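Heads up: the sequence lines are chains G and X, in that order.
Quick note: the first sequence uses UniProt numbering, first residue 1, plus one each step.
Quick note: the second sequence uses UniProt numbering, first residue 1, plus one each step.
Don't take every hint at face value.
The list that follows gives simulated cross-link-like pairs (lysine-lysine, DSS-like), each with its CA atoms no further than 27 Å apart [as the list claims (entries may be wrong)]:
hint : chain 1 : residue 1 : chain 2 : residue 2
1    : X       : Lys136    : G       : Lys176
2    : X       : Lys63     : X       : Lys117
3    : X       : Lys136    : G       : Lys143
Part of the chain G face toward chain X, derived, beta carbon under 8 Å [to be verified]:
hint : residue
4    : Gly18
5    : Ser147
6    : Asp150
7    : Arg153
8    : Asp154
9    : Ser158
10   : Thr161
11   : Val166
If you anchor each label on the Cβ, the simulated ranges turn out as follows [as the list claims (entries may be wrong)]:
hint : chain 1 : residue 1 : chain 2 : residue 2 : range
12   : G       : Met232    : X       : Arg119    : 38 to 48 Å
13   : X       : Arg107    : G       : Tyr67     : 49 to 59 Å
14   : X       : Asn72     : G       : Pro169    : 30 to 40 Å
Honestly, the hints are just simulated from the structure, not real lab data.
Being a predicted model, the structure only gives us computed values, none of them experimental.
Positions of the beta carbon are idealized from the N, C-alpha and C atoms, including for glycine.
Residue-level listing of the chains:
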Amino acid sequence: MIMPILLIVYYSFLDIHGNFTLANYQKFFTPVYLKMTLSSFWYALLITAVSLLVAYPTAFLLTRTKYKQLWLLLIILPSWINLLLKAYSFIGIFGTYGFANALLEVFGIGKKQILFTDFSFIFVSVYIFIPFMILPIFNALDKLNPSFIDASRDLGASGWTTFRRVIFPLTFDGVKSGCQVVFIPALSLFMLTRLIAGNRVITLGTAVEQHFLVTQDWGMGSTIAVFLIISMVIIMLLTGNKKRGGVG
Amino acid sequence: MTEQPIIRFENVTKQYDDDPPILDNVSFEMEKGKFYTLLGPSGCGKTTILRLISGLIEATSGKIYFKDKLINHVPANKRQVNTVFQDYALFPHLNVYENVAFGLRIRKMKNDEIDKKVREALRFVNLVGFENREIKEMSGGQRQRVAIARAIVNEPEVLLLDEPLSALDLKLRTEMQYELRELQQRLGITFVFVTHDQEEALAMSDEIFVINEGKIQQKGTPRDIYDEPINRFVANFIGESNIIKGKMIRDFLVEFDGKQFECVDQGFSPNEPVEVVIRPEDLEITTPDRGKLNVKVDTVLFRGVHYELCSYDENGNEWIIHSTKKAEIGAEIGLYFEPEAIHVMRFGETEEEFDARLESYDSYGDKDAD
Ligand SMILES: Nc1ncnc2c1ncn2[C@@H]1O[C@H](COP(=O)(O)OP(=O)(O)OP(=O)(O)O)[C@@H](O)[C@H]1O
Ligand SMILES: [Mg+2]
Chain G
1 MIMPILLIVY
11 YSFLDIHGNF
21 TLANYQKFFT
31 PVYLKMTLSS
41 FWYALLITAV
51 SLLVAYPTAF
61 LLTRTKYKQL
71 WLLLIILPSW
81 INLLLKAYSF
91 IGIFGTYGFA
101 NALLEVFGIG
111 KKQILFTDFS
121 FIFVSVYIFI
131 PFMILPIFNA
141 LDKLNPSFID
151 ASRDLGASGW
161 TTFRRVIFPL
171 TFDGVKSGCQ
181 VVFIPALSLF
191 MLTRLIAGNR
201 VITLGTAVEQ
211 HFLVTQDWGM
221 GSTIAVFLII
231 SMVIIMLLTG
241 NKKRGGVG
Chain X
1 MTEQPIIRFE
11 NVTKQYDDDP
21 PILDNVSFEM
31 EKGKFYTLLG
41 PSGCGKTTIL
51 RLISGLIEAT
61 SGKIYFKDKL
71 INHVPANKRQ
81 VNTVFQDYAL
91 FPHLNVYENV
101 AFGLRIRKMK
111 NDEIDKKVRE
121 ALRFVNLVGF
131 ENREIKEMSG
141 GQRQRVAIAR
151 AIVNEPEVLL
161 LDEPLSALDL
171 KLRTEMQYEL
181 RELQQRLGIT
191 FVFVTHDQEE
201 ALAMSDEIFV
211 INEGKIQQKG
221 TPRDIYDEPI
231 NRFVANFIGE
241 SNIIKGKMIR
251 DFLVEFDGKQ
261 FECVDQGFSP
271 NEPVEVVIRP
281 EDLEITTPDR
291 GKLNVKVDTV
301 LFRGVHYELC
311 SYDENGNEWI
321 IHSTKKAEIG
331 AEIGLYFEPE
341 AIHVMRFGET
351 EEEFDARLES
361 YDSYGDKDAD
């Protein structure tokens with residue numbers, strides 16, 4: 001676990017010819033890479049936010065259904081399918097002659113460029129990540145002692161107030177771990193950016209891939225990777241559970 | 001009873017799916033400012049009654065009134081009723097102060113007013129200085145008091161308490177019984193208290209509803225229920241009893257154990273088969289020649305305040321005796337009891353019939369019990 005990281009740190013101090021240098025780090029702080037960083041964070045944030053907005057109500061409804069474990073399984077199932085497979089099927093759906101455009105035509109809107117847009121990128125990313133958001137939230141909601149909700153109603157709170165003041169705060173740990181497991185991989189997405197966003201969205205993940213596989217500048221690739229790792233650690237620390245009062 | 005009842009149940013039934021009803025055609029009234037206890041074994045429907053009053057569940061059929069207003073479909077958050085839950089249900093993400101303030105904040109009260117009320121409620125339950133504690137840092141007894149403070153701070157007209165003392169040890173429990181009773185008298189509001197502990201019910205209540213299998217078996221003051229249980233279930237559930245089959249020869253004369261005894265009960269048909277209750281503490285130990293019944297001592301237990309003797313008569317009926325006198329195991333002893341100690345129960349008598357019978361002979365006046 002620690003060896004690859006040390007190796008990456010080591011590579012990050014080498015230039016393209018294998019000599020020791022700090023140039024990679026200097027280069028990272030140029031506008032090109034900073035913009036890339038910013039855009040990575042922005043897209044990851046967007047993906048996380050949209051996932052959360054969809055996942056929370058879904059998880060909430062799930063806990064209220066009769067066969068909740070079965071429904072949960074159905075939602076988790078797609079996450080076992082290979083990522084590439086899913087990406088390609090979306091290319092099919094969103095492509096010029098795909099299902100989505102056929103639908104738009106039926107509604108008289110006409111063909112649109114869907115593939116290679118921000119929308120399709122976010123949509124597919126959310127589709128791929130959402131099970132990982134639903135799962136911890138579902139677990140938190142499922143564990144929530146229903147008598148807290150009764151107590152809140154008893155004390156005069158409406159359904160919405162009960163959600164805001166009791167249910168959400170008490171399931172916040174689930175929300176946090178959901179955000180963690182979505183945000184961190186979303187930060188370093190690279191395959192999707194190419195396939196779905198058509199390289200319009202360039203994130204740090206894409207850049208790492210580019211440097212390792214295309215320009216063979218392992219040093220620069222590693223430097224970006226180091227920054228990715230550092231930001232992930234920071235995010236984990238920020239959202240980590242400080243082991244506050246137990247729920248239940 | 002000129003005052004209108006604060007809560008009235010009219011033929012209320014609660015049923016889940018096609019299961020047999022959990023509450024079966026229950027009717028009762030509760031008056032303002034009294035301490036009511038719902039007493040019954042686990043699963044008999046006590047919590048269900050509380051949840052119907054608080055609005056957390058809806059009745060399958062029947063009518064529930066709050067001060068003569070039909071409230072069947074009024075949601076829980078719109079009722080002037082608060083609950084101390086069986087597991088307290090204190091919010092773990094809020095400290096003691098915020099737990100108590102919860103209801104007031106929802107009502108959008110001003111901060112300084114909230115502060116005043118919360119502190120007053122905490123003083124009421126002797127928890128001054130605990131404002132900033134987390135719930136998990138409070139002991140069982142303290143949590144229970146937080147739960148009470150959180151409920152009474154909203155000044156409800158009815159406070160529902162679901163077995164609030166069951167998690168406490170005996171000493172704290174007795175202490176809290178006094179405190180709760182005193183609290184109810186100070187607040188002057190209606191308490192509906194749930195317990196399956198008969199001693200607790202007898203000690204605290206103005207009125208007890210004895211419940212079994214979704215039906216109210218008997219309602220009355222602790223004295224009434226103790227002295228005049230309506231049936232075997234109530235007699236057994238409220239304190240220990242000697243229950244024996246007998247026959248009512250005529251008014252004031254009952255036969256059991258092959259002998260006839262003078263009693264104070266009436267209103268039965270001649271020679272009606274009945275059940276007879278005699279409380280263990282109403283049996284006095286004497287010599288065999290002076291006893292109304294003679295029994296042989298089987299076991300003797302020291303119970304602190306008294307001895308508990310288990311003995312058998314010649315027909316094999318068991319007699320439990322509570323006495324400060326000790327007797328030797330295997331000894332033949334006589335049992336003496338007053339006519340008033342005998343309580344005769346009719347088979348399958350409903351509460352209404354039972355009350356009507358008691359009332360009918362209250363009006364005779366002369367030959368009175370007690
Ligand atoms: N939501 C529900 N669905 C089906 N059955 C239920 C439901 N809630 C309660 N019951 C059943 O109703 C019966 C009465 O429950 P209730 O909680 O009123 O009992 P209780 O008298 O409070 O018992 P305890 O002393 O154990 O708290 C029980 O048999 C219980 O299993
Ligand atoms: Mg209960």
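inquiry  = Can you confirm whether the C-alpha distance between Lys136 of chain X and Lys176 of chain G stays at or below 27 Å?
reply    = holds (22 Å)
task = For the hint on Asp150 of chain G, just tell me whether its beta-carbon gets within less than 8 Å of chain X.
result = holds (5 Å)
request  = Verify the interface restraint on Arg153 of chain G: the C-beta must sit less than 8 Å from at least one C-beta of chain X.
outcome  = Holds. Min distance 4 Å.
27 Å limit on alpha-carbon distance, applied to hinted pair Lys136 of chain X and Lys143 of chain G = Within the cut-off at roughly 18 Å; holds.
request  = So, Ser158 of chain G near chain X? Judge it on the closest CB pair being under 8 Å.
outcome  = The hint holds - Ser158 of chain G has a Cβ within 8 Å of chain X, the shortest such distance being about 6 Å.
request  = Grab the minimum C-beta distance from Gly18 of chain G to chain X and call the hint holds if it beats 8 Å, violated otherwise.
outcome  = Violated. Min distance 55 Å.
key: Range hint compliance [Cβ, Arg107 of chain X to Tyr67 of chain G, 49 to 59 Å]   = Violated: the Cβ-Cβ distance is about 39 Å, outside 49 to 59 Å.
query = With a cut-off of 8 Å, does the beta carbon of Asp154 of chain G approach a beta carbon of chain X closely enough for the hint to hold?
reply = At 5 Å from the nearest chain X Cβ, Asp154 of chain G passes the 8 Å test, so the hint holds.
request  = Hold the hint about Thr161 of chain G up to the distance rule: shortest CB distance to chain X must be less than 8 Å.
outcome  = Nearest chain X Cβ about 6 Å off; hint holds.
query = For the hint on Ser147 of chain G, does the least C-beta distance to chain X fall short of 8 Å?
reply = holds (4 Å)
query = Do the Cβ positions of Met232 of chain G and Arg119 of chain X conform to the proposed distance bound of 38 to 48 Å?
reply = holds (46 Å)
inquiry  = So, as I understand it, the hint says Val166 of chain G touches chain X; can you test that by seeing if any CB pair is closer than 8 Å?
reply    = holds (6 Å)
Of the numbered hints stated above, those contradicted by the structure are hints 2, 4 and 13, listed in ascending order.
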